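Chemist: Sequence:
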Amino acid sequence: IRTLDRSQANVETLQNTIQRIKEIDAAKLKEEYRRLVEGLKEANVARETDIYLSNPVLPDEILQEAVPGSIRTAEHFVGFMKRLLEYLKSRLRIQHVVQESSPQFLKDIYEKVCIDRKPLRFCAERLRSLLRTLEITDIADFSPITLISHFATLVSTYSKGFTIIIEPFEDKTPTIANPVLHFSCMDPSIAIKPVFERFQSVIITSGTLSPLDIYPRILDFRPVTMSSFTMTLARTCLCPLIVGRGNDQVAISSKFETREDFAVIRNYGNLLLELSGIVPDGIVAFFTSYIYMENIVASWYEQGILENIQRNKLIFIETPDAAETSMALEKYQEACENGRGAILLSVARGKVSEGIDFVHHYGRAVIMFGVPYVYTQSRILKARLEYLRDQFQIRENDFLTFDAMRHAAQCVGRAIRGKTDYGLMIFADKRYARADKRGKLPRWIQEHISDGSLNLTIDETVQLSKHFLRQMAQPFRREDQLGLSLLTLDQLQSEETLQRIAQIAQQV
1 IRTLDRSQAN VETLQNTIQR IKEIDAAKLK EEYRRLVEGL KEANVARETD IYLSNPVLPD
61 EILQEAVPGS IRTAEHFVGF MKRLLEYLKS RLRIQHVVQE SSPQFLKDIY EKVCIDRKPL
121 RFCAERLRSL LRTLEITDIA DFSPITLISH FATLVSTYSK GFTIIIEPFE DKTPTIANPV
181 LHFSCMDPSI AIKPVFERFQ SVIITSGTLS PLDIYPRILD FRPVTMSSFT MTLARTCLCP
241 LIVGRGNDQV AISSKFETRE DFAVIRNYGN LLLELSGIVP DGIVAFFTSY IYMENIVASW
301 YEQGILENIQ RNKLIFIETP DAAETSMALE KYQEACENGR GAILLSVARG KVSEGIDFVH
361 HYGRAVIMFG VPYVYTQSRI LKARLEYLRD QFQIRENDFL TFDAMRHAAQ CVGRAIRGKT
421 DYGLMIFADK RYARADKRGK LPRWIQEHIS DGSLNLTIDE TVQLSKHFLR QMAQPFRRED
481 QLGLSLLTLD QLQSEETLQR IAQIAQQV
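For the sequence shown, counting from 1, position 37 maps to 37 in full-length UniProt numbering; every step adds exactly one.
If you are wondering where the hints come from, they were derived from the structure by calculation, not from laboratory data. Watch out, some of these pointers could steer you wrong.
Across the chosen pairs, the derived CB separations fall in these ranges [as the list claims (entries may be wrong)]:
# : residue 1 : residue 2 : range
1 : S228      : Y87       : 47 to 55 Å
2 : E75       : P194      : 30 to 38 Å
3 : L209      : S70       : 39 to 47 Å
Since the structure is predicted, the reported quantities are computational estimates derived from the model, not experimental observations. For each residue, glycine too, the CB sits at the ideal point set by N, CA and C.
Let's have the full structure, built from the sequences with the hints guiding it.
Modeler: This is how it looks when you write it as structure tokens:
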């Protein structure tokens, strides 16, 4: 509702600006009208010259067409957007959940307010043209109406692969009316399809593409070659450990049944406390969700664990607020530079897990508290799982486990950002010891997990961590890497080295 209200304010601003321009410089609007009659040639040229790459918001087949007469003049387009906003507001006045496909939505909007599919498809580019013609500089102020125009173009362009879910309440506040319209992409292949169509050869590479076989199915392509490479290291600079029990032998896990268990929460706190006493510089700890992190930290505070941890290191916490998180990150890095180091408590799928590198002393240990499964009661997730099952024969449990392990690998991978870096990777949940979970981790992590690294107690974890950190603290020179993880120019040009690299690549 708030987005629609702001969009209506945007439309009013556009209407006033158009009226002012008509009085001052009517020729400018006439020139825009003439350009729109000729079609979206400019957008087509931009795509051809790679100014921007095949944005799915702009379907290929409409680039050659003229903009429909019903939205060609600026006044008509503003009136059209007003009708669209009124319709969307009426759809949000509901008391029950509605789920429908794009064709069902288009049928309903045509029957109720006589809005046809064709002008909807041109909304995004028509708004862009109008903002440019009116010479509006504060484009960010018009992000609400831009969002609505992109929704209109997408919903009218793709008849398959998207779903619309309208919820009268948010999950967090089920008693307060706060209607939300979700327009969710069920088919990830839609986003990458323009890339495959435009380029003859495409290489998809990442440190967390695991397991490999699920990506061609989800993205709907047939790979020419598919390989998983290990890391070439001059020393074993990563140490993955799976902690399955506390020192009291109570199994630790973030699964729903044990989330409120006092012993599990205490053991998680003791693990962080023990590691904070032996790990130099920075420790980054990830939780499965903000709510889980808040509950755990509150319990640690009541038990006095937080106070004990702070005797070793300062604690900073990621929050949903971007400004607060940026400040916490800045102060965390400052504490790592000056003094005993710090601990950053973060959330899987949050800003820290997906975009921040903890190079060298900023991340000497990363702890993953629990398995980061996505919230399974989400209607959007249920719709996506149903789509993947029907279209790609991917079982629900397979996708949920794949998604959780991908995010777990992404979190712990923050510790190793180069061949001279080193760090501990602590998986604090007994479920990581299972073959079905462990087997979905990237190969470069899997090959460093030995039988002696599974189902450890906190004390065993501390002893192995001490040994690893003592080894890593020894001097490590550039010469130690030459011929192993680094090649000199002479080695790179020698036939023998190239043959050896080719043999290793064939074995993978």
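Chemist: Hint by hint, note whether the structure agrees.
Modeler: Hints versus structure:
no.: 1; hint: S228 / Y87: 47 to 55 Å; in the structure: 49 Å, holds
no.: 2; hint: E75 / P194: 30 to 38 Å; in the structure: 34 Å, holds
no.: 3; hint: L209 / S70: 39 to 47 Å; in the structure: 46 Å, holds
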